[in-house]
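Undergrad: Protein chains in written order, with our numbering: chain A, 1 to 444; chain B, 1 to 444; chain C, 1 to 444; chain D, 1 to 444.
Since the hints were made in silico from the structure, they are not lab data. Some clues are possibly wrong.
When chains are identical, the list treats them as one kind, so a pair holds in a single copy or across two.
With a cut-off of at most 30 angstroms between alpha-carbon atoms, the simulated BS3-like pairs for lysine-lysine come out as follows [as the list claims (entries may be wrong)]:
(1) K285 x K249
(2) K249 x K263
(3) K24 x K57
(4) K249 x K333
(5) K263 x K285
(6) K362 x K117
(7) K251 x K326
(8) K105 x K57
4 protein chains.
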Amino acid sequence: MKKIKKSEKVLVSVIYKFVDENLKKELVSLRRFFHKKPEEGWCEFFTTYNIVQYLKKLKCDVYYGHNFLKPGERYGLCSNNDFELSAERAKNQGVPESFINEVTKGFTGAVAVFKFKNPGPVCVFRFDIDALKVEESNNKDHKPYNCGFMSENTGFSHACGHDGHITVGLLLCSILSKNSEDLKGEIRVIFQMAEEGCRGASAVIKSGFVDGADYVFGGHIGISTVKTGELAVITDGFLATTKLDIVFKGKSAHAANSPHLGKNAMLAAAQFVLASSAIPRFGDKITSVNTGIFNSGTGRNIIPDSAYLKTETRGYDSEADNYMQKEVIQRAKGAAEMYGCDVEINTAGKACSFASNSELVKMAKEIYADMTEGGTILEKSFTASEDFTNIAVYAEKTGAKCAYFTFGSYLAGPHHSSDFDFDEEVLFNETEFMARIAFDILKN
Amino acid sequence: MKKIKKSEKVLVSVIYKFVDENLKKELVSLRRFFHKKPEEGWCEFFTTYNIVQYLKKLKCDVYYGHNFLKPGERYGLCSNNDFELSAERAKNQGVPESFINEVTKGFTGAVAVFKFKNPGPVCVFRFDIDALKVEESNNKDHKPYNCGFMSENTGFSHACGHDGHITVGLLLCSILSKNSEDLKGEIRVIFQMAEEGCRGASAVIKSGFVDGADYVFGGHIGISTVKTGELAVITDGFLATTKLDIVFKGKSAHAANSPHLGKNAMLAAAQFVLASSAIPRFGDKITSVNTGIFNSGTGRNIIPDSAYLKTETRGYDSEADNYMQKEVIQRAKGAAEMYGCDVEINTAGKACSFASNSELVKMAKEIYADMTEGGTILEKSFTASEDFTNIAVYAEKTGAKCAYFTFGSYLAGPHHSSDFDFDEEVLFNETEFMARIAFDILKN
Amino acid sequence: MKKIKKSEKVLVSVIYKFVDENLKKELVSLRRFFHKKPEEGWCEFFTTYNIVQYLKKLKCDVYYGHNFLKPGERYGLCSNNDFELSAERAKNQGVPESFINEVTKGFTGAVAVFKFKNPGPVCVFRFDIDALKVEESNNKDHKPYNCGFMSENTGFSHACGHDGHITVGLLLCSILSKNSEDLKGEIRVIFQMAEEGCRGASAVIKSGFVDGADYVFGGHIGISTVKTGELAVITDGFLATTKLDIVFKGKSAHAANSPHLGKNAMLAAAQFVLASSAIPRFGDKITSVNTGIFNSGTGRNIIPDSAYLKTETRGYDSEADNYMQKEVIQRAKGAAEMYGCDVEINTAGKACSFASNSELVKMAKEIYADMTEGGTILEKSFTASEDFTNIAVYAEKTGAKCAYFTFGSYLAGPHHSSDFDFDEEVLFNETEFMARIAFDILKN
Amino acid sequence: MKKIKKSEKVLVSVIYKFVDENLKKELVSLRRFFHKKPEEGWCEFFTTYNIVQYLKKLKCDVYYGHNFLKPGERYGLCSNNDFELSAERAKNQGVPESFINEVTKGFTGAVAVFKFKNPGPVCVFRFDIDALKVEESNNKDHKPYNCGFMSENTGFSHACGHDGHITVGLLLCSILSKNSEDLKGEIRVIFQMAEEGCRGASAVIKSGFVDGADYVFGGHIGISTVKTGELAVITDGFLATTKLDIVFKGKSAHAANSPHLGKNAMLAAAQFVLASSAIPRFGDKITSVNTGIFNSGTGRNIIPDSAYLKTETRGYDSEADNYMQKEVIQRAKGAAEMYGCDVEINTAGKACSFASNSELVKMAKEIYADMTEGGTILEKSFTASEDFTNIAVYAEKTGAKCAYFTFGSYLAGPHHSSDFDFDEEVLFNETEFMARIAFDILKN
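Produce the entire structure from the sequences given, and follow the hints as far as they go.
TA: Next up, the structure:
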């Protein structure tokens, strides 16, 4: 692994090119631009449009819509109603209808591909772009409210910092574009839709844009108790998870007159939630299961003919999560059989366990020490789920080395809360660090 | 059908007053007028307004709004949202805002009180006025569609024939008004809101307008396999029922990180629906219980902090239903305790078992034989629930005699279905029969 | 009670032959003889031996052991341990070991076949012979204790009156034997084992001894609130029932170290008992289900690998019971699947709904009126289960007419209780009535 | 902490006194003596008698029966039947009836108290003495079978090595007795009954013999993958556990005729086992719960009036286990309430989490290094439960330092299996080590 030193000429020139006040201003401005237009996963029409517009000005190939994604493996797609409402909103915000038609019904996101002159390794950076169905705070202390860049999309907000991720991704592309002559090999910067709920990564894998990667990098703002200015590499603790949409289908009947003619989907589902909650842990590995949504029935005096459940499993690692998933499915099938019902089980998301590659951990430490004149990168456990892991584990199978970083920031509120906000300084740190990785690996 | 015995002088004069073609025309016209504006229980703004306008022209006292109903015992009230939407619609249909303000938030319905000169018994007639949340059929064969009087209130329809009941009630009032000199005692014609779900009768009782009744009559169009032109008196088979809204309240928590901090309302509710479904029958009396609606949870990865259930019990008689209700409540409380949750149980409706008074059955047979020159009234079992029974059982406790009739009609579809429709001839039969009862009991 | 009409010549001569004091003495003596040696179903070694010994002295063919029963359809057989203990006891009571070997492991019971000279109808009488696992009362007021004929088989007693049934059956055979010249056709008197739990009748059917029957009769002492001296014919209310032995088989594992390796049969069974208890009634027909025994597990810290359940269903009629049985089986299979367990479901007993043939009801009324000089037979509902119904329904399919009677008696305690006892006068009534039926149908 | 060196005169003399071939022979002989007479917890009549006889010959005070234990806190006592059967067996094995009367019904175990001349610390050693309900192997390879010291008590065996513990405890006493002049302070050697199921320690605490302790030591043969000759000190991994006996009491009723009169204890228990199995883990700490025994009901057609459950909870630490216990109790109470049943919950055993005192760990390392001329003691996690922890945690509250050791041995089969056996060499190692601890702390 090449060790970068400040003394090295090429790098210095690079650093000068991108570490300046203009960069900072652009980062803040771009972040706030995206923050105002948060969109749910698979509905990132405005977001994708503006990413694509930005990338088209750079020296790279841009892929989006059906040129990026293929039909299969797109988990947890939105309802048609959500697609329509989001499209309407995006059109009102200036996105051309023709563009929306290219990306709607599950084809959002984009990829910038930089093919440099000289041969070299293939390096993938992945940034996630979707927002959450969380109403943003309009509290006086909430900075987006104070500073006038609060969400304009009622009911949605970037409460997980992906607006920052988009921004860093775009600026990284800008830097790569400006310095393309100093680089070799290939860089793919993936702007991934629908990370929330671990829905989008599998479609990214299926797109083929991860194939042939030698390095894959991802990161997140402000996770795992890392303070502002600090940086951590994740060496543990990605909980493997599976999101399942489970529908029990029975038969309705008048509950007082002919209850025996019904097939009670609600009771089947009730048996299932109890049985699945009682799945024992996997040996000494931590597991969990939760059904977070249960909607069933059409009227008080009607035997319910359907029950719609949203369930998730988690496990200390993929083995444990696979065990949980298998047990959940078994219990769902058995519960359906008990009541003569049918059951449909659809994967609505998935992430696996993962640990950053130890060589990359070493490399990151050196880069960070260099960048901060002696600073120490932390090693942290993630204690949550991220579908970047799917991409990483997929890439590792064909020999890639992968790493995931957490960029420290003061947080105004917890992730996914209405008063979440981060310190914009982190954008600068993350951009520099990611750029340094690129230059470290691919400089001529 | 109109084979009236001419021998009785007084009655003949009465008959001539109301049995004419104008009556028939008015019945049909009024019925279609109300059919076009179906409104759900507690939201009968247009309906009540037009009932009141009609009654105000007659020789009776009219009570409505807070002059009719008192605050308590109003089961299964609508949501504020429903009140607002219905009010808006009624205003657009010409109901003055001031009137809506008098009846909204649970004060619909009206009573016409006729106090005749000479003392005599107090006779109560009860007609129900609410419609159903059933989209009306626009099939070519559906007569309301064909003949241009289909529901104009999208999503609602008079799929249980209460438009006919209103009409008969109003025409009965008209007849009473025209013949007031021939009558003695007092007649109260109650136009009851919110019969569907057995919600309104208890409020009628609390209003005081049933107090002191010597006779109470009610009826329904086309129930219990009675053919057009036939008439039945119900001597059995009102299933006692209780409608319960059950809310489990727990505490949310992140399902993967700190599941032990949650209080899982969904699991409590799941245990409850199983346990309540397993309540054994009451000896050799038929019982049933159904939870027809179960909505719980806010997100896939959140321990659900609430569960909203709509449950009903039924029993062969009130004793059996009371047993079921008691057992349901016990199971709900226990289930909540299991999971450290709270549970709120609210009665959203109630009806009891009832059989028509045998003396009135005899009287009805005579009236019917006279009206039809020898026709025989049927004795039928109801095999459903009706909250008229609450009023009747209440009145019986203070000595009243009560009876309930079913007026036969060909039906285009089953009750509560979108293609329900009845033969308007039944309106004439019902009006005459009800008027004859009034004259039979209260003629000077 | 003995007011016999003297006009009929043939009958009179018959009556003289069997209605005498010696008969009464023999009835009481025989009943007490069997009462002292109560044996559970399928273990009636002493009982069968003594029935056979009695019958062998009469003019009939006697079938028992493998000459009576065939291997299949023998429900709810005893454990080997029970067979051994019962055999040991019977040997000590004088039954030859060779005889026990002929009837053990599910071949108890016997049939007496009378083939009369002249051709005529085939008439089957069925009497049940097994006792109950109920410790008999040794209260001073308990007549068997007082009069010295209490059960000598600890833990068992004739608490359902089958000792009386055996006695009547044997005396009926004695009367038939004495009067064989006056009769035509064929009479089969079946002494059925294992009626309790509705276990034995199916094996009787499979034996072939019901085939070709034109008439089938059965009866019981003291059921359905019939007073001493009264007699009822059952026209309704046999609850159809199915007895199921259900075994869930899973896999044990250490509950704290490796719970994920277990397949929890106890949880599967728990889900099943809840789910099966929640089966709704069959329309307006009464149904019920009960799991009365649930034994599971081997140690506190072991995931239970098995659960043994004893379940029964009942229904207003066989259609309703079949529905219940089907639903129970479905729920058991689903519950097993939920937990990756296997489930075995064995029928341990079965009875169906039945009503006495209306022609036989008429005949019985006439016989009874004649026998009692004008007495009226009652028509009663049975409100319990009896596996005679299986035999009757089977026979009806090939054209037989069947009837079941209840012979009134004062009872010292409820059926199946430790202080059950009946008035021995009933034995005389039943014997005479059954004999009169035989003569009425088969007299030359 | 005083460091012992081989050069120290006093110790050397001590060592010479007890480390000899006679000691070895006595250890093996005593161990086999007790191995032949395994007795379940609370029924250690033969065992206690022989311990007491041995101790009475030494220079110590011996406490047993009511002089040792007080009535309360004696968890998981045997049934009267078990007491009687064990007493009968012990009498046949030569234990005087008078002695059995002193210790029966929950008063087994004994304590030897050595009060030395000079004042000094109070040091407690605890050895457990009960056996298991496990049939011992009679396989040819099983050494106790081969060498003729197999269990003579059918169905029971020392499959957890407590026979070794007794032996070491007695020999330790013997050594202390021989060297009493060299020692100061006080030593209490507790021979604890009923360790299996974590039942006896609480009674030991209540006895008062732990009060005032400055040091408490315990140990086990062959746990936690420690090889023969090795020794480990446990610094982690005692799973806290609670054993609960749970009885649901309802009301029986005839399941077909009057099911509404019953209170179904089986259904309450079924709801409970499901609900308790669904208790989520305590944050990121491992927990578990198991109901290992479930017996309910008296007859197929009777609503079950009782259900007997044996349940246990475990947790990574006492906080986690207390959470589990609290949740289990809550669910049991709620389940009972659901069905109108009562529930009794009795603690049948308990152990908590514990880690050896770090100063004692250091001391142990030095002693071991000295004893083995440089050997290293291991630090191990226990990964199971032991009720020694109750005693240790109690003592720590008043300032005591406590430690628990594992003495390595080849094992012929896993603990609690029928072919369990250990290498008797371990007895020598354990005795020497425990004696060295005593001398290290209490030498004059």
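Undergrad: Checking K263 and K285: alpha-carbon separation at most 30 angstroms within a copy, between copies, both or neither?
TA: between (38 angstroms within a copy, 18 angstroms between copies)
Undergrad: Taking 30 angstroms as the upper bound on the Cα-Cα distance, should K249 and K333 be classified as within, between, both, or neither?
TA: both (12 angstroms within a copy, 18 angstroms between copies)
Undergrad: For the identical chains here, do K251 and K326 meet the 30 angstroms Cα criterion within one copy, between copies, both, or neither?
TA: Classified as both; 27 angstroms inside a copy, 17 angstroms across copies.
Undergrad: Is it within, between, both or neither when you check K249 against K263 at 30 angstroms Cα-Cα?
TA: both (8 angstroms within a copy, 27 angstroms between copies)
Undergrad: One pair to classify: K285 and K249, alpha carbons no more than 30 angstroms apart. Within, between, both, or neither?
TA: Result: close only across copies, 26 angstroms inter versus 34 angstroms intra.
Undergrad: Is it within a copy, between copies, both, or neither that the alpha carbon of K24 lies no farther than 30 angstroms from that of K57?
TA: Intra 19 angstroms, inter 79 angstroms, cutoff 30 angstroms: intra-copy only.
Undergrad: Evaluate K105 and K57 at a C-alpha cut-off of 30 angstroms and name the case that applies: within, between, both or neither.
TA: Within one copy only: 26 angstroms inside, 60 angstroms across.
Undergrad: Measure nothing new, just compare the shortest in-copy and cross-copy C-alpha distances for K362 and K117 to 30 angstroms and report within, between, both or neither.
TA: within (28 angstroms within a copy, 63 angstroms between copies)
Consistency with the previously given hints is maintained throughout, with no hint failing.
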